[in-house]
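K.L.:
Each chain, letter by letter, is given below.
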Amino acid sequence: MSAREASAPPHRRNAVLDRLRESRIFQGLALISPANIYLFFFMILPLAMIVVLSFQSRGSYGEVVFRFNATNYTRLLDPVYARILVYSLGVGLGTTVITMLIGYPLAYYIARSPARQRSLLLFLILVPFWTNFVIRIYAWIMILRGGGLLDSLLQWLGITQEPLGLLYTPTAVMIGMVYEFLPFMVLPLYTSLEKIENALLEAAADLGAPPWRAFLRVTLPLSVPGMIAGTILVFIPAMGMFVLPDLMGGAKTLLIGNVIRNQFLTARDWPFGAAASMILMLMTLLLTLYYTRRAGFSEDLLV
Amino acid sequence: MPGEYAVELRDVVKRFVTPEGRDLEAVNHVTMHIRNGEFFSMLGPSGCGKTTSLRLIAGFEWPSSGEVYIEGEPQGHRPPFLRPVNTVFQSYALFQHMTVFENVAFGLEMERASKEEIRSRVGRALEMVRLMGLDRRHPKQLSGGQQQRVALARAIVKTPNVLLLDEPLGALDLKLRKDMQLELKALQQQLGITFVYVTHDQEEALTMSDRIAVMSQGKVLQMGPAVEIYERPTTRFVADFIGEANFLEGRVKSLKGDHAVVTIAAWGTDIAGLSTTKIEVGDKVAVSIRPEKVRLSDAPAAVENCLECVVSTSTYIGSDTHVYLDVRGQRMKVWEQNRTSRLDPRSIYRAGATAWITLPRENTLVLATD
Numbered sequence: 001m002s003a004r005e006a007s008a009p010p011h012r013r014n015a016v017l018d019r020l021r022e023s024r025i026f027q028g029l030a031l032i033s034p035a036n037i038y039l040f041f042f043m044i045l046p047l048a049m050i051v052v053l054s055f056q057s058r059g060s061y062g063e064v065v066f067r068f069n070a071t072n073y074t075r076l077l078d079p080v081y082a083r084i085l086v087y088s089l090g091v092g093l094g095t096t097v098i099t100m101l102i103g104y105p106l107a108y109y110i111a112r113s114p115a116r117q118r119s120l121l122l123f124l125i126l127v128p129f130w131t132n133f134v135i136r137i138y139a140w141i142m143i144l145r146g147g148g149l150l151d152s153l154l155q156w157l158g159i160t161q162e163p164l165g166l167l168y169t170p171t172a173v174m175i176g177m178v179y180e181f182l183p184f185m186v187l188p189l190y191t192s193l194e195k196i197e198n199a200l201l202e203a204a205a206d207l208g209a210p211p212w213r214a215f216l217r218v219t220l221p222l223s224v225p226g227m228i229a230g231t232i233l234v235f236i237p238a239m240g241m242f243v244l245p246d247l248m249g250g251a252k253t254l255l256i257g258n259v260i261r262n263q264f265l266t267a268r269d270w271p272f273g274a275a276a277s278m279i280l281m282l283m284t285l286l287l288t289l290y291y292t293r294r295a296g297f298s299e300d301l302l303v
Numbered sequence: 304m305p306g307e308y309a310v311e312l313r314d315v316v317k318r319f320v321t322p323e324g325r326d327l328e329a330v331n332h333v334t335m336h337i338r339n340g341e342f343f344s345m346l347g348p349s350g351c352g353k354t355t356s357l358r359l360i361a362g363f364e365w366p367s368s369g370e371v372y373i374e375g376e377p378q379g380h381r382p383p384f385l386r387p388v389n390t391v392f393q394s395y396a397l398f399q400h401m402t403v404f405e406n407v408a409f410g411l412e413m414e415r416a417s418k419e420e421i422r423s424r425v426g427r428a429l430e431m432v433r434l435m436g437l438d439r440r441h442p443k444q445l446s447g448g449q450q451q452r453v454a455l456a457r458a459i460v461k462t463p464n465v466l467l468l469d470e471p472l473g474a475l476d477l478k479l480r481k482d483m484q485l486e487l488k489a490l491q492q493q494l495g496i497t498f499v500y501v502t503h504d505q506e507e508a509l510t511m512s513d514r515i516a517v518m519s520q521g522k523v524l525q526m527g528p529a530v531e532i533y534e535r536p537t538t539r540f541v542a543d544f545i546g547e548a549n550f551l552e553g554r555v556k557s558l559k560g561d562h563a564v565v566t567i568a569a570w571g572t573d574i575a576g577l578s579t580t581k582i583e584v585g586d587k588v589a590v591s592i593r594p595e596k597v598r599l600s601d602a603p604a605a606v607e608n609c610l611e612c613v614v615s616t617s618t619y620i621g622s623d624t625h626v627y628l629d630v631r632g633q634r635m636k637v638w639e640q641n642r643t644s645r646l647d648p649r650s651i652y653r654a655g656a657t658a659w660i661t662l663p664r665e666n667t668l669v670l671a672t673d
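These protein sequence lines map, in sequence, to chains Z and R. Everything in the first sequence is counted per our numbering, starting at 1 for the first residue and increasing by one. Everything in the second sequence is counted per our numbering, starting at 304 for the first residue and increasing by one.
A few of these clues could be false.
As the list claims (entries may be wrong) - Only some residues are given here: those of chain Z computed to face chain R with a beta carbon under 10 angstroms:
| id | residue |
| --- | --- |
| 1 | V16 |
| 2 | E194 |
| 3 | E197 |
| 4 | A203 |
| 5 | A205 |
| 6 | P211 |
These are computed hints drawn from the structure, not numbers from a lab. Ideal Cβ placement from N, Cα and C applies to all residues, glycine included.
Based on the provided sequences and hints, a complete structural model is requested.
P.N.:
Structure below.
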């Protein structure tokens with residue numbers, strides 16, 4: 001006890017406070033409470049609100065009528081919405097698969113490049129992020145529209161005579177999605193691949209594995225954490241993406257994200273939008289869980 | 304012809320380009336013949352070319368010129384997976400995503416062996432390295448010594464005729480290292496295959512090898528059994544690198560067969576010794592004698608090479624006493640074995656005491672200075 005403490009007027013020691021202060025549980029809770037409070041107010045509470053909202057109904061003027069029912073969910077079983085959901089799933093999966101097919105060789109090439117080249121290549125992958133997302137989409141619109149850059153180039157080369165009419169088709173949406181999400185697949189894959197030390201491949205060769213077998217038995221399994229991380233980073237946003245399909249797909253391409261947006265902004269049927277959001281979230285969660293479990297994902301996700 | 308040598312390097316050169324753009328000969332015209340069933344070590348400081356030579360045998364590098372032969376067959380540009388040798392890596396290079404069993408079985412799977420064969424051969428390999436019962440663990444659940452043995456088992460399960468080992472004991476603590484040295488030697492004799500071992504630890508090389516190649520800066524300086532390397536080094540580098548040695552600079556005064564008389568530059572007087580290499584009268588040489596070979600006494604003896612000296616200091620090691628002397632301005636060291644247990648130090652070990660040392664001619668080597 002310091003001199004200052006000894007000379008201060010003695011005050012009563014609160015037994016309860018003391019016990020709280022000593023308790024490990026309380027200490028732990030106190031330490032995580034800032035994060036917990038943040039999480040509660042910005043994640044759990046809004047989520048709970050959406051869940052509650054999804055079981056209510058729309059009044060005639062667009063207001064929310066609080067009457068607990070599940071009609072929103074039964075409405076979603078309508079084939080129209082089912083088709084949209086399936087289509088969204090397809091876009092999400094398609095984007096994931098195509099970015100994986102393109103991204104893996106790309107990441108592999110970068111990981112095997114000499115150090116100086118590597119920084120340059122990674123830099124090139126990251127540069128598009130410095131430009132606004134919507135502007136990049138408009139750039140693609142300029143390229144893909146009838147009479148745009150792509151058409152002009154192909155006609156000038158003599159490969160086609162007529163405009164391709166790529167814009168406002170599902171193909172255009174896929175091109176845009178893959179372009180947007182490719183870095184999210186390449187970077188985790190690269191991180192995973194770069195960690196594989198050369199000695200491992202030498203050991204595999206030493207033990208009799210030709211390069212293709214060394215790839216299948218050593219490189220590929222060790223890059224699985226990267227593949228999982230890349231999938232999560234691509235699939236989840238891609239499922240719910242609506243800006244890009246809106247701009248590049250025209251009115252013909254409707255995804256679940258568009259539906260949700262329409263409900264909240266145009267149709268003003270918030271409960272229905274909330275229900276659609278819940279379905280989207282559940283689908284994403286289930287698929288991600290299934291995928292990561294299948295890939296043998298435990299604590300090795302550290303990419 | 305097959306059967307003559309397990310591994311041969313004939314005038315092999317391996318050239319690299321340094322980051323500054325210069326050419327570096329990591330292996331500089333090296334010729335080696337490694338016999339079947341021997342424990343052969345390549346010994347030298349970092350950068351001497353021993354690891355590169357090993358990698359040239361394994362197939363991870365290809366010679367810039369010269370040829371590598373395994374069992375009489377030139378390897379040319381053959382990749383590692385087609386060569387009948389296996390390697391134990393310094394970093395072990397275990398497959399982290401596989402169990403111990405799968406690691407060891409990998410090589411056999413590449414040979415497309417049957418499941419039963421794999422199981423029995425892996426079991427035997429694990430038994431030989433004393434790792435039974437751990438076959439379901441993953442490498443990161445093992446200690447360093449255990450990981451090293453997995454790397455060993457993985458290489459020997461394929462029963463290669465030649466096993467290459469790249470400083471496999473470097474990461475182990477001293478006691479474990481010494482135990483493993485004996486184990487590896489026993490294993491090699493039990494298996495009867497050729498071991499090519501790379502190390503920078505001379506004690507390790509001396510303990511385990513049938514023959515040693517001492518390397519420096521890409522060249523083989525001397526090759527032979529441990530005794531020969533130690534007792535009859537042919538260059539100053541080898542005498543210095545292996546064990547301890549005293550060196551006295553001088554010039555050759557006269558030669559008769561392999562007996563030489565050298566005038567020591569610092570003293571102007573002569574020392575008689577044995578030459579291990581070709582030298583001429585007038586050559587600059589280094590006279591070398593190992594500390595344990597010098598005879599120390601408190602009275603002069605009527606023999607050649609007897610010199611008066613003053614004790615600078617002495618260190619008691621327990622089994623030995625290391626005595627550091629000033630011999631007419633030249634510093635020399637003598638290791639005396641403490642043959643009798645005296646509780647009082649001998650009078651001639653005290654600092655400042657006068658003593659006489661004798662350099663027996665057969666242990667006094669005259670080496671060319673390189």
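K.L.:
Each hint: holds or not?
P.N.:
Here's how the hints hold up against the structure:
With 10 angstroms as the threshold, the beta carbon of V16 (chain Z) stays out of range of chain R, its nearest partner Cβ sitting at about 46 angstroms, so the hint is violated. Hint status for E194 (chain Z) relative to chain R: violated, with the closest Cβ pair at about 15 angstroms, above 10 angstroms. A least Cβ separation of about 7 angstroms between E197 (chain Z) and chain R falls short of the 10 angstroms threshold, and the interface hint therefore holds. Interface restraint check: A203 (chain Z) against chain R, minimum CB-CB distance 4 angstroms, threshold 10 angstroms, status holds.
A cut of 10 angstroms between beta carbons decides the hint on A205 (chain Z): the least distance to chain R is about 4 angstroms, and the hint holds. Restraint check, P211 (chain Z) versus chain R: the minimum CB separation of about 8 angstroms is within 10 angstroms; hint holds.
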